[in-house]
Structures are given as structure tokens and as C-alpha cells.
Amino acid sequence: MSLSLCAILLSSCLGIAAAQSEHSKFKNDALVYAELAKAPQKAVNRHNPLEKDPDAVLAGGKLFDLHCAECHGEMAEGTKKGPSLRVDPVQQATPGTLFWLLTNGVVRRGMPVWSKLPEPQRWQLVSYIKSLTPAKKAVSDTGTSPQ
Amino acid sequence: MRTIPGSFLISWLRCGQRLGSGRWFLSAILVGIVAAVALPLAAQESPYIVTYDHYLEEPGSLEVEYFSTFGTQRGGNDFHAFWAEFEYGATAWWTTEIYLDGQTTFSDSTIFTGFRLENRFRLLRQEHFINPVLYIEYEHTSGADKILKEVEGHDVEADYLDPNAVARQEHDHEIETKLLLSKTFRGWNIAQNTIVTKNVSPGEPWEFGYALGASRPLGLKASIHRCSFCPENFIAGVEMYGGLGDRYSFGLHDTSHYLSPVVAWNLPSDWTLRLAPGFGLNDNSHRFLLRWGVSREFSGFGSAVSRLFGGRK
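Residue numbers (my numbering), protein chains in the order written: chain A, 461 to 607; chain B, 19 to 331.
Note that these hints are calculated values from the structure, not bench results.
Among these hints, one or two may not hold up.
Stated by the list, open to error - Incomplete in silico selection of chain A near chain B, CB under 7 Å:
(1) Pro514
(2) Leu518
(3) Ala519
(4) Glu530
(5) Glu534
(6) Gly538
(7) Thr563
(8) Asn564
(9) Val567
(10) Val573
(11) Pro580
We put the beta carbon where it would ideally sit given N, CA and C, even for glycine.
Use the sequences and the hints to build the structure in full.
Below you can see the structure in the form of C-alpha cells.
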């Protein structure tokens, strides 16, 4: 029994350590923004079907608070767990690119897949992200272009 | 059908008394303290109780869950089995869990029946037509375990007839693996689990089982306000699960199978409630299993633990 408890504790500690290690990778935002460039052309060209929906940004903001703010910050300014979404690489990406990234996540860098959110909710999130005011100082030195 | 005597809380308390020490409860309190300083996170949890889809816990988040199963027993006493589940997102591709099981058999006793240590690994980086996840679990349970978290091999209703005092003498050490396949399309999630289990005791055969599930949120678009009764907060579906025999007698004979409608209610207050009345599909199955569960997800749990031990802020 004691051995089993030790195994459980060790497993938990390893898990927490792994999570902390993974979170620290977000210090290098450029690698994360580079994922945008991996979107296939078909996905890049997709249009947001809720583009003209006046409620999409508001609903997307609510979804952002619920699911994204913990890692990306309440104002999407970025935290040590997740990069800013107000920078040029994100704001210049097409809606289809952002939708693709939300759907597939960046699993190796700590962002889970969000395909469990129905498609309309992911488009609402895209509407909200695209509505954000770009940061004054764009992160142009990342050397990546999503398009 | 007999009435359920007492609440699950009484069951837990009795369970604690029988353990003879408060170690489990102290552990639970410690986890609770850490969870209290972590941030709650609104969940979008699936309604399944037996079936797994391919979605893992968000990295650094802890989900604390309580599940309950009331089961009818022909030729014996009905039972109320329950388990606590602590599910932690180690990374975006690895989720680890601990289960603590117990049960009350009416007109008999309440006992702790063992623990399970589970890990799930996402195998592919991106979403595909089918998304596989590898599930590996170690079970240290007694023969009195009745949570029916999965059905495998030749598990049948008659296996649960022994009084607790007899059944708890049997100790099972099992390695359970599952291949979880899942796909979400137009709001629908379809999931299929293949179960392969080996009791590590000598002479025990490999056993097989399955679980199938389909579910969909009642609303696909999010409303603009936080609300409890918005359709997108409810996910409804159905799951079916059962045994497929063992290495020497693969097939459906002497196996039990269940069909269960399932519903989850994801509350904006960060709680998720699940309800799943299950019905036995043949004479080897319990006629009725009423399952329900309550869970809460805490984000930032890993960071909170790290800070507790002097990690970076």
C-alpha cells in the first residue's frame, strides 16, 4: 500500500512538473506564432460565417473569458502560459487561420485542441480575437508571417 | 425497487470510519485547500460516464469529480457505489487521474474498495478524421468493487451477489488499456473505446470490452450573456457499453451490456452535473443503473502547487 501511494505521489509530482515545464515554453512566443504559418491553404481561405453577426464579438468575448483568459490574459495581452493575441502575427492572420489553430491547438506547446467547442462557438471566438485592438508595439521581430 | 438509505455523504463518512484513520480525508482536505486558491474555470465537459472522448484536461487544471451509481441486484441486495476522481492536465497531450472507490450494499455494509491510477496520452498533434488516445490504468481493487466504471470480459450481474465481507477478501491488480477513438463533427461527438484488461495474477486471461457514445450540445452558438439555462450549457447523448469475453472465449455469450441516455449540464458557476440512467440489455446485466456525477474544474492548480513550494510567481 505504501509503495502504491508513493507511486501515486511521484506520478502527480511528475505531472505537475511537466505542466510547469510546458508552460515555461511560452516565453518563446515566436515558436507559437510560427504555428499560424502551418495552416493549410484551404483553412486559410475559409471565411467567418458569423462575420456580420452583431452578437458574435460579444458571445466570443464571453467564451474567451471562460476558456482562454486563464492562459492568454483577461485582455489577451499574454501571460507566461500563453502568448499575446494582440500582436501582428495574430491580428494579420485570416479568420480561417485562427479557426484552424483553435481547432487543432498547439499540443506540443501546451495549447489544447478546442474542437470540443462547436464550430459556431469557435467562429465567435475568432470574431472576438479579430476585434481586439492591436498592441502598440507589434512583435515584428518574431520573423514569422502567418500568411 | 428498494429505496436508497441515507445520502452519499453518510456513505463516505462510514467509509472513513472503516478505514480506521483519516488519511484519505486529510488528503482530500489538502487538495481542497490548494484547489481553493486556484482559479475556477468554466467547463465544457462531455456527458459520458463510461465512454471517453479524445479531449484531455487542460494543462495545469485539476478537475475534482464525484460519481455515484445506484444499481439493482436480482437475488441480492441493491447497492450504491461511488467514487471520487482527481483529474489533472499534466500537459496538453497527457492527463493523469486518481480514483478512490467505495460502495454501500444495502442491508450489508459500506466499504472502501480500492483505487485506480489512470493516464491518457494523445497520440497525434492535430485533429484528424479519427483522433486516437491511449489509455493506461492500474487498478488495485477488491472483489467488492461495484462502480462499474467499465464492463469487460464475462462480467455479469451474478458476480455481485457475494456479501461484502466475502467479496472484499479477493484482491484484483489489473492493468487496463483502452484505445479511445473519437470525432467531433457539426456539434456531434462520436466516441468508441476498445478495452483490453489483464489481471496480473497468474492464470488470469486477457479480457475485452467496449464502450460507444454519441452526444451533442443542445445549442451550438453561445449566447452573449452568462446564463444557467442556455441551450449550449446542456449536452445530451447516449452511451452503450459491455463485455466481449476473454482470450479463450471471445464473443457476446455470458456477457452483460447496457444502454444509457446521458446528459451534462455545464453551469457558468464552474460546476458540471451529469445524469445517466442505464438499462441492462440482457439477463446477465443489472436491470437498472442510475448514475450521476458532479464535478468542478480548477485552472492554475499546477501553478498554485508550485507557488506553495516556493516556485516562481
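Comparing the hints with the structure gives:
1. Pro514: Check failed: Cβ of A/Pro514 comes no nearer than 10 Å to chain B, outside 7 Å.
2. Leu518: This interface hint holds because 4 Å falls under the 7 Å limit.
3. Ala519: holds (4 Å)
4. Glu530: Hint on A/Glu530: holds, closest Cβ of chain B at ~5 Å, below 7 Å.
5. Glu534: violated (11 Å)
6. Gly538: Result: violated, 16 Å to nearest chain B Cβ.
7. Thr563: Holds. Min distance 6 Å.
8. Asn564: holds (4 Å)
9. Val567: holds (5 Å)
10. Val573: holds (6 Å)
11. Pro580: holds (4 Å)
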